[in-house]
Amino acid sequence: MIFDKTTLFSDAQAVTASAASTHVVDLGATDRVLGASANLRRDIGRGTPVPLSVQVVEDFAGLTSLTVAIQTSDDAAFGSGVTTHASSGAVPVAELKAGWTSTLHYMPPAGPEGMKRYLRLNYTVAGSNASSGKITAGVTFGHQTNDGR
3 MIFDKTTLFS DAQAVTASAA STHVVDLGAT DRVLGASANL RRDIGRGTPV PLSVQVVEDF
63 AGLTSLTVAI QTSDDAAFGS GVTTHASSGA VPVAELKAGW TSTLHYMPPA GPEGMKRYLR
123 LNYTVAGSNA SSGKITAGVT FGHQTNDGR
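Going from the sequence shown to the working numbering is simple: count from 1 and add 2.
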C-alpha cells in the first residue's frame with residue numbers, strides 16, 4: 003500500500019475514544035469561472051474513483067463497535083459546518099483485528115452540497131473501556147489485492 007504524507011489521515015493512530023483523525027487534508031480553495039457569480043463546486047468522488055484505505059494496524063479491545071466517517075468542512079479546525087459524506091456503519095469489535103479494512107474504499111460523491119475544502123475521518127467508539135486499537139488511513143495510489151497479479 004502506497005501512502006503520501008500529504009493525504010494521510012491517521013498514521014497508526016490510537017483510537018480508544020471517539021476522535022477525529024490526527025491529520026486533515028486541505029484540498030485548496032476553489033476558483034470562479036470568469037463571469038460566474040459563485041465559486042466552482044468541488045466533488046472529488048465523481049469520475050475516476052479516488053482510492054481510500056482505512057486499516058486496523060493493532061487489534062481493538064474493550065469497545066463494542068467502531069464507526070468510521072468521512073467529513074468535510076470549510077474550517078480547518080472543523081469548528082462549524084461539518085458535513086459527513088459516508089460512513090462504514092458500526093463495525094463490531096470482533097472484526098476489528100489487525101489487517102481489517104473498512105468498507106470505505108473510495109472517496110464518495112459529494113452530493114448536491116459539494117465537498118468542502120478540508121477533509122478528515124471521524125472515529126466513533128461505542129461502548130466503554132476501550133483499551134487498544136490503532137488505525138492507519140489515507141488516500142492511496144490503489145488497493146492491495148494479494149491475488150498474485
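Keep in mind that the hints were calculated from the coordinates and are not lab data. Heads up, the beta-carbon is just placed ideally off N, CA and C, and yes, glycines get one too. Any given hint could turn out to be false.
Claimed, not checked - Only pairs whose alpha carbons sit at most 25 Å apart, straight line, appear in this in silico DMTMM-like list of lysine to aspartate or glutamate:
1) Lys99 - Asp28
2) Lys136 - Asp28
3) Lys136 - Asp33
As the list claims (entries may be wrong) - Estimated spans, in silico, between C-beta atoms of each pair:
4) Ala78 - Gly101: 31 to 41 Å
5) Tyr108 - Gly83: 18 to 28 Å
6) Asp76 - Pro53: 37 to 47 Å
7) Asp28 - Thr126: 32 to 42 Å
8) Thr24 - His107: 37 to 47 Å
9) Phe5 - Asp77: 19 to 29 Å
10) Pro53 - Gly81: 22 to 32 Å
11) Ala16 - Asn41: 31 to 41 Å
Here is how each hint holds up against the structure:
no., hint, verdict
1, Lys99 - Asp28, "30 Å, violated"
2, Lys136 - Asp28, "23 Å, holds"
3, Lys136 - Asp33, "37 Å, violated"
4, Ala78 - Gly101: 31 to 41 Å, "32 Å, holds"
5, Tyr108 - Gly83: 18 to 28 Å, "24 Å, holds"
6, Asp76 - Pro53: 37 to 47 Å, "25 Å, violated"
7, Asp28 - Thr126: 32 to 42 Å, "23 Å, violated"
8, Thr24 - His107: 37 to 47 Å, "21 Å, violated"
9, Phe5 - Asp77: 19 to 29 Å, "25 Å, holds"
10, Pro53 - Gly81: 22 to 32 Å, "29 Å, holds"
11, Ala16 - Asn41: 31 to 41 Å, "37 Å, holds"
Hints 1, 3, 6, 7 and 8 from the earlier list are contradicted by this structure; the remaining hints agree with it.
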